[in-house]
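Fit chain B to the known structure of chain A by using the hints.
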Amino acid sequence: MTISYKGSCLAAIGRGGREAWAEMAQHEVAFPVTDPAELLKLRAGDEVIVQGHVIGIRDRTQIRIFDQGQEPPMDLAGAFLLHTAPNVRKVGPGRYEKICIGTTTSARMVRFTEGLGERYGVRAICGKGGFPDEAIEPMQRLGMVYFAIVGGAAALETTQIEEIEEVAWEELMPECLWKFRVRDFGPLIVGIDAHGGSLYRDVQDRAARKLEELYARL
Amino acid sequence: MSAATTTNLAQVVEDAAAHLYVWALKDIPQDLRDALAAARGRETSRTGIRVLETIHRNVEIADEQRNLVCQDTGIAVYYCRVGEGFPLHPARIYAALRAGTERATIEHPLRSNTVHTLTRENTGANVGYRVPIVHWEFVPDWDGLDVKCVPKGSGSENMTFLKMLVPADGVKGIKRFVLDSIVGAGGKPCPPGIVGVGIGGSADYAMHLAKDAISRPVGTRNSDPLVAELEADLYELLNETGIGPMGLGGDVTVLAVHVEHADTHMTLNPVAVNYQCWAARRASAHIAGDGTFDYVRDS
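Chains A and B, in that order, are what the protein sequence lines are. Counting from 1, one number per residue, gives the positions in the first sequence under our numbering. Counting from 1, one number per residue, gives the positions in the second sequence under our numbering.
Just chain A, with the same shape it has in the complex:
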């Protein structure tokens, strides 16, 4: 379900941000998505708050799936994946409490994007720092979205994770497959949309032009 966003997060934004924020499109999306068309409403630069379930995944998890050919023991259809390896405390067999959960750099894992969408039906990938341009075409073709989170803002992110519901592949600790229940997860910025738009490409294109000007001044 995608709805226009109605502001329970405004208190966390601050006065200066409220003015700036008023110009941005805002959305609230629940995952896993059942109607993939919902994601087509999102455009690069929009702001999104996520509800529902988030699947934590990282380098070793995806190396195991794609390079070592092991099927993930969780349903990833319509899922929102988060690039993470959390700080947790073990409280029982297969049970963990959160300590500090944040987000890692996505670019290392870009080559898994197409497989995640095509083979498993993943619809959203969230991380920090962005995906390089090679992700744009498969994300458009498969109706996927890349969400940028504020890297390093793990103390805040931890408060938005209500519970660690499941963990698989514990032997990869902390790079297991995690299932988190979240509430008001964000703010996230749409970095790459399902229409071929990418904020990262736009920023790099502008920077490349600017660099020519800066080189001339050296």
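Hint data in this document are derived by calculation from the structure and do not stem from the laboratory. A virtual CB, placed ideally from N, CA and C, is assigned to each residue, including glycine. Don't take every hint at face value.
Unchecked claim - Computed footprint of chain B on chain A; a stretch qualifies when at least three of its residues, placed anywhere within it, have a C-beta under 8 Å from a C-beta of chain B:
hint, region
1, 97 to 106
2, 127 to 134
Stated by the list, open to error - DSS-like, lysine-lysine: derived pairs with alpha carbons at most 30 Å apart:
hint, chain 1, residue 1, chain 2, residue 2
3, B, K26, A, K98
4, A, K210, B, K26
5, A, K179, A, K90
6, B, K26, A, K90
7, A, K179, A, K41
8, A, K179, B, K26
9, B, K163, A, K210
10, A, K98, A, K179
Coordinates of chain B only, in the frame set by chain A:
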């Protein structure tokens, strides 16, 4: 020097390491908080403002809940200034830093990041072969020890670059390489952060100096006026690239540029870039030869 003194000092250093590691991860220094607030003041892009306000909120929550600012507990890096009269040999100082890192990781507990570099198997409590990493400086006519802990996250450490320029590339070549490095890094190292630049020396030493540079407080300047001028020039240039907070576009790309230099060979012109993220974690201890100590944030 008695055996008892040695044992006590080793314990003081171990306790300092354990304390500094966790403290650095939870409570970012005031110079950085001020720099982030100033960045928010001059940022004009709406996404950039949103990112900087989220960072501010995150630091507040880490303070309120005494939680880690960032989940990446890093690779533990210590900078030690050892006085010639400090009555504990660096070999013992290293053992104590290692023990303190391990203890903090288990007791808190902290995520353990250290793995064997080939097998990728986790080696335990943020210690391993040649980990933690220590930078040493030896100081004559002094009996103290300064320990600074800088847990280094991988997002920023992966954005590290070295180029062996030639003398004819000159200062222009250095500036161009730093510009290219930071634009190429984009949002990956969690900008806006501290850009450490090492110039001169040899390939390995230039990188060592770049790593020294990221550990300096924001607002400090290189004592050599020529190098300080290069810091100021690079700061202006990098903030014109438009990379912005988290690489999503904006006015603030870096909080500071720190350059450290060494004299070099007549045909060498090495330049190394090491990035430090906005959550530039840092905490220090001054330990006197008699074992008395202070934990400080000003260095």
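Do the hints match the structure? See the list:
no., hint, in the structure
1, 97 to 106, "holds (count 7)"
2, 127 to 134, "holds (count 3)"
3, K26/B - K98/A, "holds, 16 Å"
4, K210/A - K26/B, "violated, 37 Å"
5, K179/A - K90/A, "holds, 15 Å"
6, K26/B - K90/A, "holds, 21 Å"
7, K179/A - K41/A, "holds, 26 Å"
8, K179/A - K26/B, "holds, 26 Å"
9, K163/B - K210/A, "holds, 22 Å"
10, K98/A - K179/A, "holds, 12 Å"
Hint compliance for this structure: hint 4 is the single one not met.
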